[in-house]
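*Asks:* Given next are the chains, with one letter for each unit.
There are 2 protein chains.
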Amino acid sequence: MLSIDEAQRLVLCHAQALEATQVPLAESLGMVLAEDVFSDLDSPPFDKALMDGYALRRADLPGGHGELDIWPETILAGQPPGSTECPIPAETAARIMTGAPMPAGTDAVVMRERTSEIQSETAVVGRVLVNDPHLKAGQNIMPRGTEMTRGQQVLKSGTPIGPAAAGVLSAVGRVAVSVFPRPRVAIISTGNEIVEANENPGPGQIRNSNGPMLTALVARAGGSPRYLGIARDSNDELGLLASKGLQSDVLLLSGGVSAGDLDLVPGVLREVGVREVFHKVNLKPGKPVWFGVADRQRSQNSDLKSQISQPTLVFGLPGNPVSVMVCFELFVRPAIRRLMGFADAGPKTVWATLDEERSSKSDRPTYWPAWLEPNDNGLCVRLVAWKGSPDLRATTEANAFAIFPPGDHQYRPGDRVQVLCTEY
Amino acid sequence: MLSIDEAQRLVLCHAQALEATQVPLAESLGMVLAEDVFSDLDSPPFDKALMDGYALRRADLPGGHGELDIWPETILAGQPPGSTECPIPAETAARIMTGAPMPAGTDAVVMRERTSEIQSETAVVGRVLVNDPHLKAGQNIMPRGTEMTRGQQVLKSGTPIGPAAAGVLSAVGRVAVSVFPRPRVAIISTGNEIVEANENPGPGQIRNSNGPMLTALVARAGGSPRYLGIARDSNDELGLLASKGLQSDVLLLSGGVSAGDLDLVPGVLREVGVREVFHKVNLKPGKPVWFGVADRQRSQNSDLKSQISQPTLVFGLPGNPVSVMVCFELFVRPAIRRLMGFADAGPKTVWATLDEERSSKSDRPTYWPAWLEPNDNGLCVRLVAWKGSPDLRATTEANAFAIFPPGDHQYRPGDRVQVLCTEY
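In the order they appear, the protein sequences are chains A and B. In terms of our numbering, the first sequence has 304 at position 304, counting the first letter as 1, and numbering is strictly consecutive. In terms of our numbering, the second sequence has 11 at position 11, counting the first letter as 1, and numbering is strictly consecutive.
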């Protein structure tokens with residue numbers, strides 16, 4: 001049986017970043033930049049005062065101590081540089097505000113707290129006493145172009161757009177940016193026994209938890225979910241819904257992939273043109289997971305280009321919700337991230353300290369719902385009480401999965417285990 | 001000067017969860033549940049087979065080995081329990097599929113791989129040979145109500161709604177849930193020198209990075225951002241925009257809170273009825289941060305009730321973008337999370353291993369942009385090259401802030417430092 005690593009490699013070798021598209025800056029948060037971005041200006045655009053105080057010449061004050069005339073005009077932020085009668089003469093200090101351009105001739109700012117104005121009833125020009133023993137040329141000044149210079153590359157293609165990048169894009173005049181779009185991810189629940197949340201399950205029926213859960217998983221991963229409904233265990237109904245799903249970038253089905261008599265999904269997917277890449281991975285829970293690719297179905301809205309460029313990635317996920325969740329994190333989320341242009345497709349794993357005694361015995365790598373949190377020594381993981389892959393309720397108390405390798409293992413408190421993160 | 005902890009306490013004692021509201025399940029992702037949720041059913045609704053194989057009586061097979069008649073009907077998932085001619089007689093095994101209800105009389109499932117059908121041309125009834133030496137009563141069965149029982153509390157008020165909770169809510173029939181709403185957060189940039197991203201800055205002007213950055217920070221924190229534009233440094237213009245902002249749950253202004261001649265924000269906010277709670281926190285960068293509260297302004301859309309129940313929280317943030325970011329993470333984000341009903345308001349800090357030599361000297365706790373990532377030993381932090389609070393570009397390479405306590409410190413590679421997380 002395929003290992004998790006091999007299966008992940010097979011998924012990712014069919015997943016390339018979608019064709020880039022231009023979006024308004026405000027919509028780009030969480031997406032990945034698809035262009036290198038260059039600055040069209042120097043920032044700051046002038047030598048800039050970083051403190052409220054006095055702009056002066058270092059050379060006028062040996063030892064940082066002495067008296068200077070006060071320039072009649074205060075230099076404010078937002079004032080054009082050079083708008084004063086420059087340069088400021090020697091032995092003179094100009095009051096200056098944070099963010100204001102340094103007047104020509106000055107080379108240091110002394111903060112207001114290290115100065116005192118000299119009261120005089122007779123003097124025509126005000127005088128200031130400066131006392132800053134560590135006074136250095138350049139102090140409290142950010143030279144022009146320190147943050148970025150005109151023509152400099154400020155963001156690389158492949159950078160995820162977070163708040164800081166949004167601020168920089170705006171600073172260099174970008175109101176729209178080229179990004180890799182959010183993949184459209186179609187979701188189908190399968191099974192005769194499944195009814196929707198607004199229905200009362202009859203005998204032997206259960207409500208659909210995989211549909212809403214997958215919708216949320218896709219949204220959290222950055223994709224754009226489209227829930228298509230429940231397909232009964234019939235070739236026709238399943239084939240019809242699956243064909244509709246093949247218009248999306250990714251199609252997810254839950255249920256119907258085991259070896260049971262009603263596990264129709266692999267057969268139906270083949271019939272609608274999906275080529276199987278793998279079926280079954282050495283993993284617990286989630287072993288029956290199925291993956292294939294299909295040529296994009298023509299949808300009424302799509303243009304010819306996008307149909308040719310990328311196949312639809314099709315995941316037949318197991319029916320039990322915790323198996324769905326594990327397979328999603330291990331295989332689907334990396335695919336979505338790769339389509340979105342993330343260099344780091346994941347999944348994201350960390351090492352953490354187990355806080356309890358535990359024995360684990362399985363022929364397969366086992367994922368156990370767990371709570372991961374930082375403590376003073378790093379990361380700590382606590383297993384939740386869990387009854388197996390149909391037990392989704394227990395998993396609401398988890399934010400990660402502890403990974404136990406195959407074999408017979410005895411863990412003690414303080415032992416380190418690998419953990420699959422789900423919240424990122 | 002106020003410490004960061006004291007300032008955070010003052011912010012949080014003015015921030016309570018907003019009045020709960022009902023939203024469709026699909027919109028609740030990332031919000032916090034405002035009601036206890038109980039199950040209206042047993043799950044599974046019957047004793048459920050966890051494997052494809054044969055349902056049988058443990059007592060019929062001493063040693064787990066022997067031959068049984070095959071029941072003529074296969075039990076499928078989605079089939080009502082008790083729909084077979086129950087109970088299955090002794091010395092008989094029924095073919096059963098994963099997820100199907102156990103037929104009455106049986107108490108174990110043997111997986112298909114441990115059975116073989118006996119070929120016979122003469123027999124009327126099929127026979128199966130079972131060989132499962134570890135056969136135990138109850139094996140491969142999930143008893144009715146294992147995941148949850150009717151009437152059981154399955155989710156507590158205060159639980160953040162993630163994918164697993166969405167699945168459970170759907171399973172218990174909830175198509176809408178009561179949650180604490182996303183706070184409306186108004187954003188104003190201030191300063192004569194600021195122009196919008198679509199403009200070409202004249203001499204001495206810079207483009208607005210704080211507006212788009214705060215919009216993104218608010219969205220990432222879970223709030224609903226409303227950008228109101230740039231206010232010039234005039235009491236009238238600032239007062240008008242600020243009054244508009246007071247219709248929201250939170251009002252953020254950037255710039256104009258230092259001691260400079262044009263730092264009008266604290267005065268104008270007092271004029272429009274905001275009561276100052278604090279001004280200045282012992283922190284670098286971000287010292288001039290201002291916080292106050294105001295009675296809610298009447299907006300055309302709001303009802304009387306919400307105006308009475310909660311004041312508007314008003315943050316006067318510094319003008320330099322990295323100061324804005326640090327103050328947002330330390331004070332604004334916890335407020336937003338508390339309004340959203342998160343028990344854990346944050347901020348989120350972890351301890352990590354510094355990977356370089358570093359000296360830090362400051363009279364204030366200092367936040368330095370840094371890259372936090374897991375390694376095999378826990379968490380590791382790398383400082384980015386950063387030129388100070390106006391240098392937002394450098395911060396695009398960071399996902400956290402390393403925290404250096406006040407004083408004169410010399411760090412070596414491997415030393416542990418506290419880190420403020422920004423991506424959660």
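These aren't lab readings, by the way, just hints derived from the structure by calculation. Incorrect hints may have been included.
Same chains, same label: a pair holds when it works inside one copy or across any pair of copies.
Straight-line Cα separation of at most 25 Å, SDA-like style, residue types lysine to any residue; simulated pairs [what the hints assert, rightly or not]:
| hint | residue 1 | residue 2 |
| --- | --- | --- |
| 1 | Lys284 | Ala343 |
| 2 | Lys361 | Gly138 |
| 3 | Lys348 | Leu372 |
| 4 | Lys387 | Pro203 |
*Asks:* Please sort Lys348 with Leu372 into within, between, both or neither, judging by C-alpha distance up to 25 Å.
*Replies:* Result: close both inside a copy and across copies, 13 Å intra and 14 Å inter.
*Asks:* Could you figure out if Lys387 and Pro203 sit no more than 25 Å apart (CA to CA) within one copy, between two copies, both or neither?
*Replies:* Classified as within; 23 Å inside a copy, 67 Å across copies.
*Asks:* With identical chains treated as interchangeable, where does the CA-CA distance between Lys284 and Ala343 reach 25 Å or less: within a copy, between copies, both, or neither?
*Replies:* neither (27 Å within a copy, 33 Å between copies)
*Asks:* What label fits Lys361 with Gly138 when the C-alpha limit is 25 Å: within, between, both, or neither?
*Replies:* Answer is between: at 19 Å across copies they meet the 25 Å cutoff, but 66 Å inside does not.
Of the numbered hints given earlier, the model fails hint 1 alone.
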